[in-house]
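If you read the protein sequences in the order shown, they are chains D and P. Read in order, the letters of the first sequence are residues 1 to 306 in the UniProt record's numbering. Read in order, the letters of the second sequence are residues 1 to 306 in the UniProt record's numbering.
Treat each hint with caution, since some may be false.
[To be verified] So, partial list: chain P residues that the calculated Cβ filter (under 7 Å) puts toward chain D:
(1) A27
(2) G51
(3) L53
(4) S271
(5) F301
Since the hints were made in silico from the structure, they are not lab data. Glycine included, C-beta positions come from ideal geometry on N, C-alpha and C.
Number of protein chains: 2
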Amino acid sequence: MTPATPPPSRDGPRTPRGDTVGAVNNARRPRVGHIAFLNCMPIYWGLARTGALLEFDLRRDAPDELSRLLVEGSLDIGPITLVEYLRHSDELLLIPDPAVAADGPVLSVNLVSKVPLAELPAAPRVSLASFSRTGVLLGKMLLEERYGRTPEYRVTAPDLDSALEGADAAVLIGDEALRVHHDPQGHHVLDLAAEWKDWTGLPMVFAVWAVRRDYAQAHPGLVKDVHLAFRDSVRLSREEIDAVVASAARWEPFAPAALAEYFDRLQFGLSERHLAGLREFASRAARYTEVKDLSPEGPEFFTSGL
Amino acid sequence: MTPATPPPSRDGPRTPRGDTVGAVNNARRPRVGHIAFLNCMPIYWGLARTGALLEFDLRRDAPDELSRLLVEGSLDIGPITLVEYLRHSDELLLIPDPAVAADGPVLSVNLVSKVPLAELPAAPRVSLASFSRTGVLLGKMLLEERYGRTPEYRVTAPDLDSALEGADAAVLIGDEALRVHHDPQGHHVLDLAAEWKDWTGLPMVFAVWAVRRDYAQAHPGLVKDVHLAFRDSVRLSREEIDAVVASAARWEPFAPAALAEYFDRLQFGLSERHLAGLREFASRAARYTEVKDLSPEGPEFFTSGL
Numbered sequence: 001m002t003p004a005t006p007p008p009s010r011d012g013p014r015t016p017r018g019d020t021v022g023a024v025n026n027a028r029r030p031r032v033g034h035i036a037f038l039n040c041m042p043i044y045w046g047l048a049r050t051g052a053l054l055e056f057d058l059r060r061d062a063p064d065e066l067s068r069l070l071v072e073g074s075l076d077i078g079p080i081t082l083v084e085y086l087r088h089s090d091e092l093l094l095i096p097d098p099a100v101a102a103d104g105p106v107l108s109v110n111l112v113s114k115v116p117l118a119e120l121p122a123a124p125r126v127s128l129a130s131f132s133r134t135g136v137l138l139g140k141m142l143l144e145e146r147y148g149r150t151p152e153y154r155v156t157a158p159d160l161d162s163a164l165e166g167a168d169a170a171v172l173i174g175d176e177a178l179r180v181h182h183d184p185q186g187h188h189v190l191d192l193a194a195e196w197k198d199w200t201g202l203p204m205v206f207a208v209w210a211v212r213r214d215y216a217q218a219h220p221g222l223v224k225d226v227h228l229a230f231r232d233s234v235r236l237s238r239e240e241i242d243a244v245v246a247s248a249a250r251w252e253p254f255a256p257a258a259l260a261e262y263f264d265r266l267q268f269g270l271s272e273r274h275l276a277g278l279r280e281f282a283s284r285a286a287r288y289t290e291v292k293d294l295s296p297e298g299p300e301f302f303t304s305g306l
Numbered sequence: 001m002t003p004a005t006p007p008p009s010r011d012g013p014r015t016p017r018g019d020t021v022g023a024v025n026n027a028r029r030p031r032v033g034h035i036a037f038l039n040c041m042p043i044y045w046g047l048a049r050t051g052a053l054l055e056f057d058l059r060r061d062a063p064d065e066l067s068r069l070l071v072e073g074s075l076d077i078g079p080i081t082l083v084e085y086l087r088h089s090d091e092l093l094l095i096p097d098p099a100v101a102a103d104g105p106v107l108s109v110n111l112v113s114k115v116p117l118a119e120l121p122a123a124p125r126v127s128l129a130s131f132s133r134t135g136v137l138l139g140k141m142l143l144e145e146r147y148g149r150t151p152e153y154r155v156t157a158p159d160l161d162s163a164l165e166g167a168d169a170a171v172l173i174g175d176e177a178l179r180v181h182h183d184p185q186g187h188h189v190l191d192l193a194a195e196w197k198d199w200t201g202l203p204m205v206f207a208v209w210a211v212r213r214d215y216a217q218a219h220p221g222l223v224k225d226v227h228l229a230f231r232d233s234v235r236l237s238r239e240e241i242d243a244v245v246a247s248a249a250r251w252e253p254f255a256p257a258a259l260a261e262y263f264d265r266l267q268f269g270l271s272e273r274h275l276a277g278l279r280e281f282a283s284r285a286a287r288y289t290e291v292k293d294l295s296p297e298g299p300e301f302f303t304s305g306l
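This is chain D alone, in the form it adopts within the complex (with noise of 0.2 Å):
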């Protein structure tokens, strides 16, 4: 083994070199966030296509776990859920694209109950079976504020039999949701991006991607080549869509046709509409948990003269 140059997770700019290998080179790739999840796929699969990758430096971890790590300063740009990022916006600047959005039924996250909706009871015993917390929000505020319930909730594993014993409902996110939405077994499924939908008008946006301020500042013709790269890759996503569908199917427990309903389901950018139904959760989300304000015409994104 010789290795010629230390991992790129080795940070701090380098030493100079001497004149023979050439003219000292500082720069570090950018540090970006990776979600190796299947609703996140059609964000990363292009840029395995393009060659983008090796201009990353990519660090793959949990959503939660990499909105953390963007939080903290340990990636330049990633995915954030929504709520994470609207209680650190004034440290980070959205990029406009990719985002995991939906305008109407998402099909994986859904409030799964025993009975009818109009037959919960006042006070239901509520699991919240998902490490999401944009999700959870959601379907607390739905819950409290659409429906007028005051829940109790509890905290369970993510599937759909330790979240339904001795509660009345549970709000089910991810792989499990999507599953259920496909097998319900009797069971009422509610898919709570299309009741957001019903009750705003609006799209619901799940999570975006942010660039930390200061890096922005730094490096802002770097966050445009990420940004670039991360558009290139969702449009060879779509563009090869069958494609993605075919490689996923090989490791996913989805038949094609449902993998190709669901990444048709997602969208992954930010139009007009979805900034309007970030807003609209950010004003919601205040009663929850503390956000920064965002302006009237927040929130603040990156620009790169595109």
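Starting from the structure of chain D, add chain P where the hints point.
Frame of chain D, contents of chain P only:
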């Protein structure tokens, strides 16, 4: 955030699903080690162009850590420094390519000294300024067996100044070794792969790619896929070497010409001559560390019927 599937690092079989989402799919991506060092860049570069990366659960770490993970069973397939492979060859099968080798100078595995080799004292103080077990062992072999010295070794930080402080010579490997090759600053630089060739007439193999024997038996098709993906990657990197060099030159502290020369010196497959060099190294390594006996026809390969 809607994590629709668990991260690939969650192992174990999946729960059977309802018929509505298709057949049960218990597949899990092979866990493959990734060295992000410069000398492995042509091995991984093509993976980010062909899309093959998406079929792996790629885990990036330092070479010594990846060796450890493969041996303990936390990786299925990965790079392993030759010395560690020789210590654990009964649990592993070699994959014919990729590998990291050189048939003559490798540029980045050097003995650096203040005086010419011939003037080194009989018991020189020698710094081992690297975590690379194979490169360090190569340095010891040459010093003790070829040059008849009885060195006093000490381990130091992997930079020239630390390594030569209070020492007669240093085994220097990687980035810093390549830098000193280009800018020796009055020091004497001996290329250890060139010395090995001069001594044995054979190429030097620094790292191999191996699969755990149990995994190869259970999933021969997946191992074949990984092998083919690496083979395609190295071929593509050779074809598009200018693009590889340009990408590396953007981030690494070496000029394009130096990088092109380095990639040209490195060899990424195992020919019969490489295997002879590997066996020669193995027989000598037994004097320094516990290694498994290789059969006369060894090492044992994964055979995919290619």
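List of violated hint numbers, smallest to largest: 4 and 5
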